[in-house]
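> Please put together the full structure from these sequences, using the hints given.
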Amino acid sequence: MKFKKILMAGAVAITAAGALSTSVLAASNTLTVADRSSYKDWNPAVAFSEEVRVLGNIYETLLVLNPAGSAEQFAPGLATSWSASADGKTWTFNLRKGVTFHDGSAFNAAAAKKSLDYVKKLGKGAAFIWGALTSVEAKDEHTLVMNFKSATAADLIASAQYAAYIIAPAAIDKGHDWMSAPNAIGTGPYKLASVEAGQQIVMEKHDAYWGGWKDGQFDRVIVKVVSEAATRVQMLKSGAVDYATVGTDQLAGLKAASNVDVFTADSWKNSMFLMNASKYPTDNVKFRKAMQLIWDYENVVTSIYGGYAKLPVGPLPASMWGAAKFDMPKQDLAAAKQLLADSGVPQKDWKVSMQYIGDFKPYADSAELFQATASQLGVTVDLMPGKWGVIWGKAKKLETSPNLQSMSWWPSYATPNDWLVSLFKTEKKALFNLSHYSNPAYDKLVEEGMAVEGSDRPMAIAKFGAAQKIIMDDALAIFYGDISTYRVSAKNVAGMSKNLNPAYEAVMYYSLTRK
Amino acid sequence: MARYAAQRLLLMIGILLGVLTITFILSRVLPGSPVELMLGHRPTPELIEATKKELGLDQPLIIQYFTYIGEVVQGEFGKSLRTGRPVLEEVGKRIGATLELTTLAIFFVVLIGVPLGVISAVRQNSILDNGLRATTIAGMAFPAFMLAMMLQMLFYGELGWLPLQGRLDSEVLLDSTFPRHTGFFLLDTLMTGDWRAFGSAAQHIVLPALTLVIITLATVTRITRNMMVEVLSEEFIRTASAYGLPSRRIHYGYALKATLIPLLTVVGLTYGYLLGGAVVVEFVFDWPGLGGFMVFSISQNDFPAVMGTTLFLATAYLMINLVVDLLYFVVDPRLRAQ
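Quick note, the sequences are listed as chains L and P, same order.
Under the working numbering, the first residue of the first sequence carries the number 1, and numbering increases by one thereafter.
Under the working numbering, the first residue of the second sequence carries the number 1001, and numbering increases by one thereafter.
What the hints contain is simulated information worked out from the structure, not anything from laboratory work.
Quick reminder that beta carbons are idealized off the backbone N, C-alpha and C, glycines included.
Take every hint as true, because none was put in to throw you off.
Chain P stretches covered by chain L per the calculated footprint, using a threshold of three residues with CB under 8 Å from any CB of chain L:
1) 1075–1085
2) 1165–1173
Derived lysine to aspartate or glutamate pairs resembling EDC-like cross-links, with alpha carbons at most 20 Å apart:
3) L:K387 / L:E228
4) L:K491 / L:D261
5) P:K1093 / L:D177
6) L:K498 / L:D266
7) L:K286 / L:D332
8) P:K1053 / L:D177
9) L:K89 / L:E448
10) L:K429 / P:E1046
11) L:K429 / P:D1058
12) L:K120 / P:E1054
13) P:K1052 / L:D177
14) L:K205 / P:D1175
15) P:K1093 / L:E196
16) L:K191 / P:D1175
17) L:K469 / L:D283
18) L:K397 / P:E1049
19) L:K394 / P:E1036
20) L:K89 / L:D155
21) L:K444 / L:E427
22) L:K428 / P:E1036
23) L:K444 / L:D474
24) L:K428 / P:E1049
25) L:K429 / P:E1036
26) L:K397 / P:D1058
27) L:K121 / P:E1054
28) L:K120 / P:E1049
29) L:K325 / L:D474
30) L:K114 / L:D173
31) L:K498 / L:E72
32) L:K121 / P:E1036
33) L:K113 / L:D140
34) L:K279 / L:D473
Below, the structure is given as structure tokens:
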């Protein structure tokens, strides 16, 4: 009896104390977010992954790229106007006045120069986007000049979500370890308040933000680390969080929920299976073309991706500038069989290995569907799921590489060359050219396109278009889907529809209000 | 006993060296370069080489191995490639959460499992015995992942009684400044009288601890039962019954005492299993312990973190076993006499 009484008293105490702790939660004007992982790199000069979802609210770039279809390609960020010299090598940015960093120090040309020099010197993460930058000058208090060794699309680079954030001089002086601790000093609407490793990140509004504050905007944002997707969905449905990152397989269920809004738009991400051009039997172009015709494009896009992907128009996502449009392969088993026979590869060798990230369900389902379809033609597909770190390591070495390798790609900044260089340009030692493809004519076209990207955009598009044609002619990948971007938030949050810009992964919490 | 403890400690060092060697070899033979994972796409060859040099990965494996051993001996476990912070600091931040969860779970496993085992043995082959066997084994047979999700759906989704994940409510995490002396939030909040934080911590630990209790209860219950059945058939128990001693005293005073050695062994092994095996439960409940850290570290080939965490868990496992072995001397006077 005594034991029962103790248990009862304990339960009552826990419930009462718990109620006390939750009652305070609703009192403040707080936006609560459930995100899938704690972030890796807190130094914005190094950050090159999911951490931009938080850093994008703390730091700002000189320019902001508008979504396709906007009246202007760019919106002012920390720069209010900008211009390029005729040769595209010198860019002048007039900086916004009256901007302060979170520590109260003034943002000016000297601060911007220090930040860009720091990113370039550190040379980590996406710093390669500044590869052509030779010097930065603080011409006066609010005029910044960038000099490049060749014509460069500095407007696109200065609006990138990686390696283009302006960091406060004080943070740079304190160094990488201090920022990684983590600490942050930017000019963005929110400042980093606290981080509990593996638990939550808290941001508080930057009172002196140059954009000002209106009623209804959030004073505080709490990003809770919730690893399991099903848990994030439960939290969103129950109203415990206002916004969550979820997977495509959960969108149908969330669309049916009465208290949740789902927004979708085109993104700059596309998915493919790269085909190994240096490994038997996919070193045979007819054999590769047969693989393309075995793929069930419609089914993968509509069933496996639940409609949150579109059939591609070429090697680049249709919404990216410079994306050339092609008559894309469609499933045709009879034609595939003919190509296999014409390839000269003996039927006993109709075997391919297929490697993909095993815990990403759309890859796994697509691969299994491909395996089942291929078997109808007598092609054996050896499925090799694994963790990215492991399969990437194997795919880079030709001797351990598979015939088909899963890949999803999105750019470091708004340029087609990100796909064309990283995935298909000749590499002495493969990094992401997991097709192990090498073609001097292709390399030349890509280099020529890059050289005029900043000064002659139509010429760049023509060169990049010709390069894409080579990729299609050589059947280097099964391009199967342009992936949609989507946001899922509570119905009582307004402004989420403004956060579907494919250029940025971060939701700008500043643009949200409570309805 | 002191000599025995010293011998065991020496043996522990040998085992830890073995663990370290195996983990080192495994981390180096796995495909995938941590440097390229660290640097993202388009790193220049110069940067790759410079980073390899910075991390000592340009050295021959044997040199890397002895350098690492030398550093570990000096208490230096290197920096996590993923977070850039010292591994010791990362482990230190998380070990309290893992120990609190597993210690609470093993406490309840013993508190519930031992009496259930005794009851099963005393009422051998009764409906109660068979029922307990079926329910505890069913609990053990459930995949931890699925059980955790079902408990979440019931206690959070349906009943709304308990929080879904984490270790404290967001606002409590923000506002409470209780000192984290032990890393056990229940103890730290109790010691400082922070009742709001204590309530939040207690609410949050219930579901992950309950999951661990359910999946391990059967082991302790069944071992207790089987040992008790054996002991209850021995002569000294019959003699005690013949003298008319109360059955509670016979069962808990004499019979259970005779099962303590195997029971201690099982409890020790279960505790060790929980330390390493709580990974899934920590992941589902976002319990900020070593489990989640280990999962992310493995996926990123962050081998300083993986090796440091493995070594730490192995040490904890060996320490638990050492304590169990020393407890044998406490519960068995024959060993002391030897």
